[in-house]
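Undergrad: Here is what each chain is made of, one letter per residue.
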Amino acid sequence: MHGFGIILQRDLRIALRRKGDVLNVLVFFVVVASLFPLGVGPEPNQLRAMAAGVVWIAALLAAVLSLPRLFAADYADGTLEQMLVAPQSLLMVVLAKSAAHWLLTGLPLALVAPLIGLQYDLPIETLGVLLASLLIGTPVLSLLGAACAALTLGVRGGGALLGLLVLPLYVPALVFGAGAVGATLIGINPSAHLSLLGAFLAVSSLVGPWAACAALRVALD
Amino acid sequence: MLETRELACERGGRRLFSALNIALDAGGLLRVRGANGSGKTTLMRCLAGLTRPDAGAVRWRGSDIGSLGDAYRRDLLFLGHSPAVKDDLTVLENLEFSCRLSGAEIAVEQIRHALEQLGIAKLADLPAGYLSQGQRRRTALARLALPRPARLWLLDEPLAALDDEAIGRVSSLCAAHLAAGGSLVLTSHQEIAVAAPGAQSIELGS
Amino acid sequence: MNSTLFHYASPQIFFPVAGKLIPWFSVLAGLLAIAGLYVAFFVAPTDATQGEAYRIIFIHVPAAWMSMFIYVVMAGWAAAGLALNTRLSGMMASALAPTGAMFTFIALWSGALWGKPTWGTYWVWDARLTSELVLLFLYFGFIALKGAIPDPVRADRAGAVLALLGVVNVPIIYYSVQWWNTLHQGASVSLTRSPSMAATMLLGMLLMALAAWMYSIATTLTRLRNIILERERDAEWVRLQRTAA
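If you read the sequences in order, they're chains A, B and C. Using our numbering, the final residue of the first sequence is 221, and nothing's skipped along the way. Using our numbering, the final residue of the second sequence is 206, and nothing's skipped along the way. Using our numbering, the final residue of the third sequence is 245, and nothing's skipped along the way.
There's no promise every hint is true.
Said to hold, decoys possible - Far from chain A, some chain C residues (derived; all Cβ distances over 10 angstroms): (1) Trp24; (2) Gly30; (3) Gly76; (4) Thr86; (5) Leu164; (6) Asn169; (7) Ser176; (8) Ala199; (9) Trp213; (10) Gln241.
Said to hold, decoys possible - Okay, the calculated beta carbon distance ranges per label pair: (11) Ala160/A <-> Pro117/C: 52 to 60 angstroms; (12) Pro171/C <-> Ala107/B: 52 to 60 angstroms; (13) Leu126/B <-> Leu229/C: 55 to 63 angstroms.
Since the hints were made in silico from the structure, they are not lab data. All C-beta atoms in this analysis are idealised placements derived from N, C-alpha and C, irrespective of residue type, glycine included.
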């Protein structure tokens with residue numbers, strides 16, 4: 001656990017000195033979510049029906065945008081290499097960086113999402129479910145995203161390739177997360193959706209970090 | 001202490017070295033020489049456990065480094081090509097992180113003392129992004145001046161971008177390490193003035 | 001047994017073996033395809049509700065089966081490569097991917113062609129087609145990642161990690177898409193709700209599936225030979241091959 005704390009603290013400290021990076025992701029999220037009404041028209045019923053999906057997809061895209069930052073900077077300046085040569089479990093390193101990524105990306109997105117929901121005229125009860133679904137779902141983005149970010153380290157065409165790799169893997173989170181809000185809208189209890197989302201989070205927290213460790217070792221070979 | 005058996009590695013379809021046998025004892029120095037691209041860095045990374053060799057094994061105190069895992073890395077200090085310094089952290093914070101990562105809790109005064117030994121004590125509270133190349137390398141090398149249990153130093157081009165004075169300081173740090181029973185493997189284009197009895201040298205790419 | 005396996009794991013040894021196997025599998029594929037198509041078009045009865053158009057099922061379903069089967073096989077070879085550090089395993093995975101992607105594509109196309117005469121629309125977001133679409137993206141991702149990494153050993157290993165990540169997620173993705181479909185659709189538009197299986201229909205699909213399997217093996221081995229020649233081009237035996245030919 002010691003290594004986890006050290007790396008988490010370091011990543012958060014660096015992020016606080018580069019606040020711009022975190023804010024950019026949030027602004028991107030809001031911009032994308034605001035584009036949809038411009039594209040499909042302002043009819044409130046239509047927007048309300050789309051809202052869950054739009055918010056979730058905008059969150060996914062914002063997360064994908066922030067993924068390269070997970071390992072790329074450390075890879076470029078050699079600090080990642082030092083983490084592999086240190087007497088620290090690589091799994092702890094990956095978990096710490098994923099946790100930092102979530103605190104700086106997923107959590108802010110989840111907290112801002114209800115505001116977007118209001119823009120789409122979602123009823124208040126659904127806003128709570130929207131927040132909950134994103135709070136459970138965004139860690140998945142960090143965990144699976146870490147694996148794909150590690151796979152594309154130093155590879156040409158990184159950003160778009162990273163999106164291609166990770167977005168299909170996010171499909172279950174999107175289905176269960178947006179589905180939870182959609183269910184609440186039509187009066188169904190979202191607990192089934194949220195439990196499935198939770199189960200997916202559990203699976204991702206096993207599979208994602210394992211794959212990220214393997215991919216990091218391959219990238220630094 | 002450190003030995004390799006029939007170590008072989010190929011990169012990009014080229015065989016860099018094969019059937020390489022090294023034996024390095026406590027207090028021993030090994031210089032790795034060779035032209036650019038001859039495989040010096042690859043060899044260092046194999047020794048550090050970063051790169052998987054295509055054949056052969058690396059052993060530390062008789063055990064394979066793969067099975068030793070963290071036990072080997074606790075004894076190891078590896079400095080690669082990049083100084084491994086984060087631009088957004090101060091010099092002091094960078095070294096603090098590096099210490100804690102290796103499992104040691106070292107007081108701030110000791111870190112400042114180490115910086116003094118490398119002649120960059122004045123830069124301690126400056127974000128590393130403002131440093132020159134030579135100053136960043138000195139920050140990385142300050143780790144050599146810290147009280148650490150690392151018995152094996154693997155230094156890849158440690159003297160790059162350094163002036164004569166700094167080279168002198170690093171050489172004396174290396175000499176002290178060897179005298180205390182540590183082992184040192186280094187690659188360097190420049191001659192490092194460390195007198196070590198029985199210093200070995202291998203040439204790659206010949 | 002172990003040493004025989006490792007003996008054939010050398011690209012140099014396996015190259016001529018693959019060459020000898022290819023004609024056999026090609027012939028088998030051809031024969032099975034003829035048999036399957038015969039059953040599909042002449043033996044299986046006309047469907048009461050869907051008429052003749054349903055016969056596309058004999059292409060659509062086997063293609064969908066193969067697309068998933070090949071992904072699992074590919075992931076298996078990838079895992080073998082990671083565990084045993086054999087070059088041939090990585091090459092095998094690379095050789096399988098385009099064939100798998102092709103069958104996914106065929107499944108999607110045949111689904112579209114089925115949809116138009118039956119329900120008047122080329123695309124329906126039913127569970128199977130949507131899952132196939134996501135599987136296609138997974139194949140593209142695998143091929144793209146391998147293509148983007150210049151060093152073949154690193155490309156093989158990275159691809160292997162991705163394939164294993166994918167293979168664990170494919171059942172979850174499939175399940176989530178099923179869930180999504182049952183919640184949103186409720187309509188009768190569903191390619192998965194195939195007409196009731198007469199025994200002959202099942203026979204036809206099995207024959208076509210076997211034909212597709214033999215074909216896959218033949219194409220994969222052919223592609224594998226090309227990959228071996230390309231990757232081992234500096235080896236002595238490849239140079240001898242080229243001068244002899």
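Undergrad: Does each hint hold? Answer for all of them.
TA: Tested hints:
1. Trp24: 36 angstroms, holds
2. Gly30: With a cut-off of 10 angstroms, glycine 30/C remains clear of chain A, as the shortest Cβ separation is near 34 angstroms.
3. Gly76: Non-interface label stands for glycine 76/C: nearest chain A Cβ at 16 angstroms, farther than 10 angstroms.
4. Thr86: For threonine 86/C, whose nearest Cβ neighbour in chain A is about 16 angstroms away, the distance exceeds 10 angstroms, so it holds.
5. Leu164: 7 angstroms, violated
6. Asn169: Not fine: 5 angstroms to the nearest Cβ puts asparagine 169/C too close to chain A.
7. Ser176: 4 angstroms, violated
8. Ala199: 36 angstroms, holds
9. Trp213: 25 angstroms, holds
10. Gln241: For glutamine 241/C, whose nearest Cβ neighbour in chain A is about 30 angstroms away, the distance exceeds 10 angstroms, so it holds.
11. Ala160/A <-> Pro117/C: 52 to 60 angstroms: Because 37 angstroms falls outside the window, the suggested range is violated.
12. Pro171/C <-> Ala107/B: 52 to 60 angstroms: 53 angstroms, holds
13. Leu126/B <-> Leu229/C: 55 to 63 angstroms: 56 angstroms, holds
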